[in-house]
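Sequence lines, in order, name chains A and B.
Taking this note's numbering, I'd label the letters of the first sequence as residues 10 to 259.
Taking this note's numbering, I'd label the letters of the second sequence as residues 45 to 419.
Quick caveat, the hints were computed from the structure, so don't treat them as lab data.
Where a beta carbon is used, it is the ideal one built from N, C-alpha and C, also for glycine.
Hints are supplied without guarantee of correctness; some may be wrong.
[What the hints assert, rightly or not] Partial list, derived from the structure: chain A residues whose beta carbon lies under 8 Å from chain B:
(1) Arg62
(2) Asn75
(3) Phe97
(4) Leu100
(5) Ser132
(6) Trp178
(7) Glu202
(8) Phe249
Residue-level listing of the chains:
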Amino acid sequence: MALITVKKLEKKYGKFHAVKGISFNVKEGEVFGILGPNGAGKTTTLEMMEGLRPISEGEIIIDGVNVADEPYRIKEMIGVQLQSSAFFDKLSLVEILHLFSNLYAQNKDPKALLEEVDLTEKSKNRVKELSGGQKQRFSIAAALVNDPIVLFLDEPTTGLDPQARRNLWGLVKQVQASGKTVIMTTHYMDEAEELCDRIAIMDEGKIVALDTPANLISGLLKRGFKPRKQVAQANLEDVFIDLTGKELRD
Amino acid sequence: MQPPKISRFKRMSTRLGALTIASLKMYLRNTTGLFFTMFIPVVLIVVFGFLFKSNNFKTDISLTNYSQTEISKQFVESLKKVEAFKIDETDEATAADKLGRGKIDLQIIVPANFGKPAESGKGLQPAPVQTYFNESNPRNGQTTNLIVGQIVSGFNAGVTKSPQIFTVEPRGVRTNNLGQIDFFLPGVIAMSIMQIGIFSVAFVFITYKTTGQLRRIQATPTHPIYFVISQAITRELVAIAQVGLLLGLGIWAFNVKMIGSIFEFMILAALGAAVFLAIGFAIAGWAKDENQAIPVAQLVQFPMLFLSGVFFPRDGLPSWLLKVTDFLPLTFLVNGLRKIATEGAHLWNVGGDVLGLLVWGALMFALSVLIFRWE
């Protein structure tokens, strides 16, 4: 049973057609990835699903609620990590989480949330004192204050070092294991392969492929694809992680 | 899992309360910003307070005595006895020049026939003492004029031996003898209110927009208008606290006399803060970034600083400019605050200024709603 149904979704900015009638379903409990080059319409699609951007055509239903009709009810149900959003810089992490939990008229314990994302030690710090990976983990903590059924992550690992990326993957798996559905965008194929149950590949406002990573790869091979060079048993990132270790550096 | 049902009002007040507390913390932790909003008015009050204290403790009078009579000499002596006067005997032309350049507050000319016996042999000749005061600083001149008039009438009574039917209590004259700091302080307070309203919004609120903090709030079920309101409440509270502090500084350090009610003064100050906040949010709401907001804020604030009578009286302006600047919001605020502080006016006595501020507030609120852009 699909938790989220997107039907013939379109977004026009004047003459520019950012999203050109895409349809897909997201199943409950899966990690759904949206991949694509810059300007493919990933963020616009996400923002329409989050009720942040008006929908030009088509509809989005999340758990039976129409996003266009009840954006505020949708916002109660979902958690959002935006690609480019800062948090108030004069407040400590605990104070921000306390504020956000009040914005949802909820009473979530900030300490417990910080513990979930392994930031207990930083509870009295300001956001600007955090490393890139810690900032993204905090961003996820803030997105979890309302105990959402769906978590949206827009390029959560962009700009992070390999250790921090792996750490964040662990967090995403932890969120999925707690029964939540995750929708994320990324530019890293290894990340999509590692985390996503299914992925949609977007290009120029359209979905050009949608399947599990394994099916997408075997489909390509069936069409007679040959890699330009023989794939080695390890890659450079494996070397990097082997040499520098997996533990976080922030 | 459905959250427990909470009433709409409870939900709204929880959100607004949490945002207001957060906004207050952020405002007060922004020490550089806080320093600069407080620093300029405090420095102005301290500098001018000392300046006025040393310079204008006494009223400067130039006196020309054309009369040779004993009575005229006694008259001049009795003027010199007035402690608040600094009397300089000089010729008429020099005195007129000094008055024109604002070096003195009052020019007195004692006519040649002052104190001469009347030709009828009965009593003295009518000899009006002429006084001139500078219209651009009428207060000092007028007050002094009153005292001089009293001394003249005292002389009259003494010479004619007629019973004094009308007398003036000298105490009354003294308490109304306000110094320049008393006029200056309400002006500086009005200026600081304008700065909190316009500048602190244009500088700070715009960064919430450009850095995506406002957008993050939009991703929650709380409408960002709550955040705008909480920011306005914060600044309103800060403005009231600052007015109290500046007023306290003036009264404590420079003996500023508050003739009217402090409560009414504060009410008018709070209304003024609301008006300037509406202007500030219209600018910050319309602007896309700092590069748009700050020049516009300057453009709005700068003319008012000089044309609304904050630092010097507006009487010197050309009449057309005077008519235009009569309607500036800061003019209404300066006038109203000054009348309460120095003349003991009540809010209903300054109804025109209150009305002017209300109209500005309503217009600017409507404008900011109209042109506000969330991103």
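Consistency of the hints with the structure:
1. Arg62: violated (10 Å)
2. Asn75: violated (16 Å)
3. Phe97: holds (6 Å)
4. Leu100: holds (6 Å)
5. Ser132: Status violated, d = 16 Å.
6. Trp178: violated (23 Å)
7. Glu202: violated (28 Å)
8. Phe249: Status violated, d = 31 Å.
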